[in-house]
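2 protein chains.
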Amino acid sequence: MAVEEQSRPAGPVAVLGLGSMGLGMARSARGAGLDVVGFDVAEASRRAFASQGGRVAESAGAAAAGAGVVLSVVVNAAQTEALLFGPDAVAEVMAPGGTFVSCATMDPDVVRRLAARLEASGRHYLDAPMSGGPVRAASGELTVMASGSPSAFAGARALLDAVAAKVYELGEAPGAGAAFKMINQHLAGIHIAAACEAVAFAARQGLDLARVYEVITASAGNSWMFENRVPHIVEGDYAPKSAVDIFVKDLGIVEDMARAAKFPAPVAAAALQMFLAASGAGMGRDDDASLARVYAMLSGTRLPNQKESAA
Amino acid sequence: MAVEEQSRPAGPVAVLGLGSMGLGMARSARGAGLDVVGFDVAEASRRAFASQGGRVAESAGAAAAGAGVVLSVVVNAAQTEALLFGPDAVAEVMAPGGTFVSCATMDPDVVRRLAARLEASGRHYLDAPMSGGPVRAASGELTVMASGSPSAFAGARALLDAVAAKVYELGEAPGAGAAFKMINQHLAGIHIAAACEAVAFAARQGLDLARVYEVITASAGNSWMFENRVPHIVEGDYAPKSAVDIFVKDLGIVEDMARAAKFPAPVAAAALQMFLAASGAGMGRDDDASLARVYAMLSGTRLPNQKESAA
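Chains A and B, in that order, are what the protein sequence lines are.
If you're matching positions, the first sequence starts at 1 in this note's numbering and goes up one per residue.
If you're matching positions, the second sequence starts at 1 in this note's numbering and goes up one per residue.
If you're looking for bench data, these hints aren't it; they were derived computationally from the structure.
Bear in mind that the values here come from a model prediction, so they are computed numbers and not experimental data.
Please note that the accuracy of each hint is not assured.
Repeated chains share a single entry, so a pair holds when one copy, or any two copies, can fit it.
Said to hold, decoys possible - With a straight-line cut-off of 25 Å between C-alpha atoms, the simulated SDA-like cross-links for lysine to any residue are:
#1 K262 x A165
#2 K249 x A120
#3 K166 x G206
#4 K249 x R204
#5 K262 x T301
Take these sequences, add in the hints, and give me the full structure.
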């Protein structure tokens with residue numbers, strides 16, 4: 001009990017970004033008894049949190065003011081940097097000694113830079129990209145790939161306990177969490193493109209895709225992404241569970257990192273081209289299984305249950 | 001019982017090709033009480049089978065003469081065609097009404113051609129590519145992706161029961177089994193290359209690869225191949241469990257099929273280039289996790305437990 005109380009943040013927990021992930025995590029945090037205040041630039045997201053009984057602030061700065069823990073659930077490095085050091089000045093207004101928990105997937109070098117700048121002001125930075133999707137966010141069952149100082153982990157502990165089923169502690173240096181997350185995204189992005197390429201090719205050959213799904217998920221060609229995304233193709237359902245543009249961003253980061261390191265990554269590069277093609281063809285906000293529609297378009301293939309496409 | 005006896009082939013079962021897969025399957029077939037005669041062009045393989053108490057013939061033709069079932073476990077379409085219609089004339093010497101069970105991974109169009117030619121002579125053709133590796137071959141637990149006429153299935157039934165834990169019956173037309181297998185190989189080949197690319201990049205960043213394995217196998221970036229092959233990289237063990245040149249062949253077939261169908265498959269194409277590079281660099285007969293060594297070579301990265309490489 002003493003440890004648990006000690007690990008409670010002094011001020012409230014500010015959740016910045018109330019999209020599908022942030023909203024779920026804010027809900028889990030409240031469910032665990034934490035004092036949560038949320039903010040999102042979109043009014044609809046703020047209203048969604050308020051309708052759950054959540055306390056909403058009028059700006060990121062107002063939410064973060066005096067907060068012992070700030071959970072940042074924005075989409076990228078630029079937004080994270082703007083929150084911390086832009087007009088909202090989260091780095092300055094959060095409680096001294098407080099912990100900034102950053103979820104956005106980004107280049108580890110950027111993480112190291114942001115963390116060093118924040119920590120110079122006497123706050124802690126936990127590099128904590130998450131995986132698991134909105135459903136697990138809301139049920140408090142995310143997986144977190146985290147790195148940071150013992151103080152950063154201690155400050156974030158109650159929050160991590162509330163939102164995550166599994167926390168990988170990957171070292172004391174911010175950047176390690178991001179590096180592991182990027183390895184995951186490198187693989188996941190390729191696997192989505194591979195699933196779409198192979199399944200569209202199966203359709204081109206006239207194979208029954210439900211049967212393909214059954215056989216492949218029991219065979220050596222299976223992947224987590226194949227198992228998760230191919231049902232969208234079989235059902236012709238491209239409503240976004242995870243959008244094409246997320247991997248335009250994430251495989252873009254992989255290729256930027258690889259280029260900077262003089263590391264050739266041709267398989268990720270080929271997969272990225274297909275995400276770019278899907279986004280360029282107007283499907284950027286559709287489900288990432290839409291890459292199958294690009295392959296279909298480029299090969300005169302008809303996919304199952306295909307509605308008249310915008311593209 | 002009646003059905004089981006009816007499904008027993010009239011003559012012996014000839015197993016042509018006693019490499020790691022064929023030897024295991026011949027062993028499973030003998031274990032199930034079938035009358036097996038084996039042949040391989042390599043004397044060492046014939047001796048291996050004889051040392052298990054197996055009956056060995058002096059040629060493929062001699063093994064197949066009068067056989068009610070011929071199980072072909074050679075490596076490709078050219079060898080299969082040579083067996084059937086070359087000097088050994090398996091198509092002519094096997095028992096009329098007998099069944100030829102073909103395991104090699106090949107282009108479905110080639111399967112259709114070979115099957116039509118064989119069936120014109122009054123024999124049956126079961127298109128039956130297998131997956132599962134040598135260990136499962138020997139324990140009778142392979143997965144078979146099979147298509148063929150009801151007569152072909154009936155003729156092969158006792159043999160399939162002996163070697164496979166799971167038989168997918170994919171239609172009456174030879175070629176469907178091959179098409180499903182090629183979809184599997186398309187995915188599996190990409191996933192091997194992706195695993196090697198991402199893990200070598202993780203090594204380039206100084207991450208602990210055992211930890212990468214632990215985190216990724218519990219995350220959305222996982223694949224059957226990642227889980228199976230990455231331990232070879234972590235242990236620095238490139239003794240061939242499945243050789244680089246197998247996917248040089250199989251992704252080559254995927255790209256040939258895709259080109260013929262005017263189907264762009266850029267992710268498989270990129271993966272194939274890495275298998276070609278590994279083979280070209282002298283690792284064609286090494287384990288296919290050797291692609292990680294190519295990435296390491298091309299980026300000045302040191303992999304764990306790396307022995308002085310031949311390459």
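Intra- versus inter-subunit Cα pairing at 25 Å for K249 with R204: between (29 Å within a copy, 22 Å between copies)
Up to 25 Å between alpha-carbons, please classify K249 paired with A120: within, between, both or neither. neither (29 Å within a copy, 56 Å between copies)
Alpha-carbon proximity between K262 and T301, which holds within one copy, between copies, both or neither at 25 Å: between (38 Å within a copy, 11 Å between copies)
Within a copy, between copies, both or neither: where do K166 and G206 come within 25 Å Cα-Cα? Answer is between; shortest inter-copy Cα gap is 23 Å, intra-copy 42 Å.
When no copy is specified for K262 and A165, does a C-alpha distance of 25 Å or less occur within a copy, between copies, both, or neither? Classified as neither; 36 Å inside a copy, 46 Å across copies.
The structure does not agree with the numbered hints 1 and 2 stated previously, though it agrees with the rest.
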